[in-house]
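Going line by line, the protein sequences match chains A and B.
Take the first sequence: its letter number 75 is residue 75 in UniProt numbering, and every next letter is one higher.
Take the second sequence: its letter number 146 is residue 146 in UniProt numbering, and every next letter is one higher.
Errors might be hidden in some of the hints.
[As the list claims (entries may be wrong)] With beta-carbon atoms standing in for the labels, derived distance ranges:
#, chain 1, residue 1, chain 2, residue 2, range
1, B, 166, A, 125, 40 to 46 Å
2, B, 255, A, 159, 16 to 22 Å
3, B, 69, A, 122, 24 to 30 Å
4, B, 51, A, 159, 34 to 40 Å
5, B, 153, A, 106, 33 to 39 Å
6, A, 266, B, 56, 25 to 31 Å
7, A, 14, B, 53, 51 to 57 Å
8, B, 20, A, 133, 23 to 29 Å
9, A, 62, B, 201, 43 to 49 Å
10, A, 266, B, 166, 19 to 25 Å
11, A, 211, B, 193, 55 to 61 Å
12, A, 48, B, 197, 40 to 46 Å
13, A, 62, B, 83, 50 to 56 Å
Quick caveat, the hints were computed from the structure, so don't treat them as lab data.
Treat the numbers as computed from the prediction; the structure is a model and nothing was measured.
Even for Gly, the Cβ is constructed at its ideal location relative to N, Cα and C.
Below are the chains, spelled out letter by letter.
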Amino acid sequence: MLRFILKRLGLAILVAFTVSFISFSLLFLAGDPAIAIAGENANAEDIAAIRELYGFDRPMLVQYAEWLWNALRFDFGQSYYFRLPVADLIAERLSVTMTLGVCGILFALLTAVPLGVIAAIRPNSLIDRIALFLSVAGQAMPSFWFGLILIVVFAIQLGWLPASGASSWRHFIMPTVVLGYYAMPAIMRLTRAGMLEVLSADYIRTARAKGASEGRVMFKHALRNAIIPVVSLAAVQMGFMLGGSIVVESIFALHGAGFLAWESIGRNDLPTVQALILVFALFYIIFTFLADVLNAWLDPRMRSS
Amino acid sequence: MTALPDIVEITGPTPGQQLRKRMFGHQGFMIGAVFLVILVLIAILAPVLAPHDPYSQSLGDRMVRPVFMGGTWEHPLGTDHLGRDYLSRLIYGARISLLIGTVAALISGLIGTTLGVAAGYFGGRVDAVVTFLINVRLAMPVVLVALAVVAILGGSLNVVIGVLGLLLWDRFAVVMRASTLQIRNREFVAAARAIGCSTPRILLSEILPNIFNNLIVVVTLEMAHAILLEAALSFLGLGVQPPTPSWGLMVSEGKNMMLFEPWLVLIPGAVLFLLVLAINLMGDGLRDVTAPENRN
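Using the sequences provided together with the hints, build the complete structure.
Listed below in structure tokens is the structure:
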């Protein structure tokens, strides 16, 4: 087990370094970042000054090494726009995004798992059909559009919920539903498929033959086994969701890290954008690492692969 | 000379005939396919079908309501904030969505299939490298990276297509790798190797045709994915740029008038939802009839 963890950790670190290099190189995609920072009306002298100020005249690899060395100590440089350390900006905004991510995944699990279980126990029933419809619709639903519809109905027409901001828990209800619905279809399908597979297993028949109550069979024997892959999928989805929160945060004007990313991109604030790409990637890497370890711990067969 | 019995009576229907029968009998697949064909025809025939020029502004006719909300047949779905005919913009918008979906899926399909088949067939170090690349790609936050690249390179149709094509290959690689692993040790591959076929030939004429069904399923799903992402990018203002009639952009432009004219947001979003739904239904249906074992 320890060997598996170390190997997996080594891979995670290698992936993290590669992602850091890619997110750093993005800055150089346009050719000269100094021109991008200086803006359209800058003259040659301004550009040269900026180039020297930020050290863009040095070789790219030297700049990357310096950036990485600083990033390892949580120093992502200064934001061009706010003139503040990027790390402080992100730390300040991250709590909103994390709250949203946790609420979103909880919403997804609390709706998807019960629906998936009932759908598996009663295949082709009305609930199975509703669950299928919800998951097919969820996969096709543009989240920005879903968010706007919720605003029209619950904020404008009914006036039940605030349309934007993050000052109370009520502000998080609609964003949670939008972000959670994005993760729901995959979790529900996996729960349903897992339960269907487990329910036809021999040990379920044995448990029933022993005279175990149906509730005990379902929850103690079936669900406990079917839920293992669901937990790791939820961890992976959580990583995706944090990266995808940019759309939701921009619709509901939740000033989290995703909103910061959107603003910073619009302002050409490249150090902030680079750092945010790396931070979101790190979250994904950490969540998938935890999911793999959890999987290997629960299911020793996974350790060999 | 007596008539020979019909060949079908002896051998039964061919696998192709069976497949077609299952496809036509699959409700979800047929609904999705019919809707998609209609939309493709609308996109191709846009110049004939659109009642107005999608770009021509008429500031005197701003935000005319659709005919079912008290408007006139002059503008069946009303006009936007610049007085442009909404139906015509929707019809031309189908072109943008379908073009982006198709080309992005082709680019990412080419990258992902090459990587996946190589990893599955050669195994060993090639597999390790490809698996690593897939891990790296999955760790990159797609929306954020796409937004940043579009912001740096400037929003245009080509940039959006290119970025999405370069970002969405992961599922192709994962599925093609698994499919190749499943068949690489089968007899017909060994036979081809034994009679001295070159490696490219084995890959192209033995492996590829046998994983083609799975490939098509991923193509449809990634097409839907690319269409949704383009709409999201355009909605955030960093995708296709105005005045191009992209559905995501139309939702974004309608957002400011949402309080009084919610139909400006509802109509383009609904069409986008239906298109993605149709493609997904088709993809799910294809998976059901070609490779039911891959359902999850």
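A quick look at each hint next to the structure:
1. 166(B) <-> 125(A): 40 to 46 Å: Taking Cβ atoms as reference, residue 166(B) and residue 125(A) lie about 44 Å apart, which means the hint holds.
2. 255(B) <-> 159(A): 16 to 22 Å: This hint holds: roughly 19 Å between Cβ atoms.
3. 69(B) <-> 122(A): 24 to 30 Å: Roughly 42 Å apart at Cβ, these two residues miss the hinted range, so it is violated.
4. 51(B) <-> 159(A): 34 to 40 Å: For residue 159(A) against residue 51(B), whose Cβ atoms are near 38 Å apart, the range 34 to 40 Å holds.
5. 153(B) <-> 106(A): 33 to 39 Å: Taking Cβ atoms as reference, residue 153(B) and residue 106(A) lie about 38 Å apart, which means the hint holds.
6. 266(A) <-> 56(B): 25 to 31 Å: 30 Å, holds
7. 14(A) <-> 53(B): 51 to 57 Å: 54 Å, holds
8. 20(B) <-> 133(A): 23 to 29 Å: 27 Å, holds
9. 62(A) <-> 201(B): 43 to 49 Å: Holds, at about 47 Å.
10. 266(A) <-> 166(B): 19 to 25 Å: 22 Å, holds
11. 211(A) <-> 193(B): 55 to 61 Å: Given range 55 to 61 Å: holds, Cβ gap about 56 Å.
12. 48(A) <-> 197(B): 40 to 46 Å: Since the Cβ atoms of residue 48(A) and residue 197(B) sit about 60 Å apart, the hinted range of 40 to 46 Å is violated.
13. 62(A) <-> 83(B): 50 to 56 Å: 55 Å, holds
The structure fails to meet hints 3, 12 from the earlier list, while all remaining hints are met.
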